[in-house]
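Knowing the structure of chain A, use the given hints to seat chain B on it.
Top line first, the protein sequences correspond to chains A and B.
The letter at position 1 of the first sequence is residue 1 when you use my numbering, and the numbering goes up by one with no holes.
The letter at position 285 of the second sequence is residue 285 when you use my numbering, and the numbering goes up by one with no holes.
Derived from the structure by calculation, the hints contain no laboratory data.
Careful: at least some of the hints might be erroneous.
[Unchecked claim] Just some of the chain A residues that point at chain B, by a computed CB distance under 8 Å:
| hint | residue |
| --- | --- |
| 1 | Arg36 |
| 2 | Met61 |
| 3 | Ala63 |
| 4 | Leu69 |
| 5 | Val74 |
| 6 | Val87 |
| 7 | Ser94 |
| 8 | Gly95 |
| 9 | Val126 |
| 10 | Glu133 |
[To be verified] Beta-carbon label-pair distances, calculated as ranges:
| hint | chain 1 | residue 1 | chain 2 | residue 2 | range |
| --- | --- | --- | --- | --- | --- |
| 11 | B | Leu80 | A | Leu125 | 42 to 52 Å |
| 12 | B | Gln149 | A | Leu137 | 38 to 48 Å |
| 13 | B | Thr51 | A | Leu159 | 26 to 36 Å |
Quick reminder that beta carbons are idealized off the backbone N, C-alpha and C, glycines included.
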Amino acid sequence: MQPIHASRRILRPVNRLFIAISLLVALLLNLIPFGRLPGIPDWVLLVLTFWCINQPLKVNMGAGFLLGLLMDVVDGSAMGQHALAYVLLAFAASGLSRRILWFPLRQQALHVLPLFLGTQVVMLLVRLVAGAEFPGLLWFLASASSALLWYPLTYLLLLPQFRPEEKDDNRPI
Amino acid sequence: MSVAGHAPPPFFKRGPAPLVRLAFFATFSLLLLIADLRFHTLEWARLTIATAAWPLQRAAWLPLDAAEDLGDYLTHQATLQKENRELHRRQLETAHLLLRQKHLEAENQRLRAFLDLRAQHPAGARVAEILYAARDPFSRRVIIDKGMQQDIQAGQAVIDELGVIGQVTRVFPLTAEVTLLTDRQQMIPVQVQRNGLRAVLAGAGDRLELRFLAADADVRPGDTLVTSGLDDVYPSGLPVARVNRVDNNTATNFARIPCTPLAALDQHGLVLVLALRTAKPPHPEESAAPAAAAEAGQRIRRGSR
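Chain A on its own, in the form it takes in the complex:
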């Protein structure tokens, strides 16, 4: 059982269908065309990180790779750019999951911020090597806004796993 700091609740097992649906919704949100507006969070990155940290045995590098390929196509970026970045992110997130989960949610957000930034840097390096233009520092705002969303997103995605609270003072845990 994983500790959720704020409530210390025992969570119900996760539903695989819910994971798939949440990833699909994130993909849909990413498909909304905002153009070059800075600070739009990468929803797929966010939800993928969440599941890699919370369910590292169910969502892992394979999911990251497939989602990355899909993002490459719908974004019109180089094939393998998102895939590589998401695979590295999934590796780091699942490796760090046991450590990150012990922190309260705000500090968790501080933990995932470098992960997001690292993902963006990987994409940047890949494209700069291929001779693309530097998109400007404002582009990194997307990481910050993604990290800000960590707190609400955790509650939203853990909602189906919460069980009703029982008032039982003699419960052992």
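Chain B alone, transformed into the frame defined by chain A:
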């Protein structure tokens, strides 16, 4: 290393170790990147996945469409009337120009026939609408609402009412991707309208740059650049950009000449996709071409040694 930091007992099946998986997927991604960026061999895979993802993409636009419809519905009548009046005025102003242009085109064709030049094909064109700017922050591309179904092909030139916008680079069943002139990998052959000086205009992020012109070339700030038509892609004479300023005192032999595009690259509206120019200059003789190519290849190989 496992998830918990220890190797799991062998009777728990967890698949390959994380590092092995990472190596596998990272190598695969890198191979894909090289295949796509260096050899451009993955267009078929892109087309397949894009076609499969099309319904999802369409669904994601629904909220935007709804917002747009609401905006249209709430447009003030006065605005519409003003716009209508303005359009009427402009139509009257340009009507005589159109009539004269038809006359001139006919005359031009006759003269060309007389001169035994290859007749410039009357360019067919297709109106398309820009749907949205592609999300990729590293390039400048927009998506238009015409694709394979409407016979759009990669390579076609795209213009708006003010000038050249760019070129179709990828075609999907119902949409097409247009690379704007400001993309760093986009180039267009132009000539200075004032004196006919030919040059190559390259994209540089927010603006354009006239490349490889000698420091003493006859270019002045304010000059209009039009397509020269040398590339068999863009018809000649389309306005492209205006010269901002000319920096002669650089350390290199070439002048630095930043330009501003004339077309509204950042606005979303209607554009015209011009038909591919089919008439091409006659190829050099068959026998000469392979020999020259082989020679060039040898030269390159010798050079690389």
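Tested hints:
1. Arg36: holds, 6 Å
2. Met61: At 5 Å from the nearest chain B Cβ, Met61(A) passes the 8 Å test, so the hint holds.
3. Ala63: Violated: closest Cβ of chain B sits about 10 Å from Ala63(A), beyond 8 Å.
4. Leu69: holds, 7 Å
5. Val74: Interface hint status for Val74(A): holds (6 Å vs cutoff 8 Å).
6. Val87: With a closest approach of 4 Å, the Val87(A) hint holds.
7. Ser94: With Cβ-Cβ at 6 Å, under 8 Å, it holds.
8. Gly95: holds, 7 Å
9. Val126: holds, 6 Å
10. Glu133: holds, 5 Å
11. Leu80(B) with Leu125(A): 42 to 52 Å: About 50 Å separates the Cβ atoms of Leu80(B) and Leu125(A), which means 42 to 52 Å holds.
12. Gln149(B) with Leu137(A): 38 to 48 Å: holds, 41 Å
13. Thr51(B) with Leu159(A): 26 to 36 Å: holds, 35 Å
Comparing the model with each earlier hint shows a violation of hint 3 alone; every other hint is respected.
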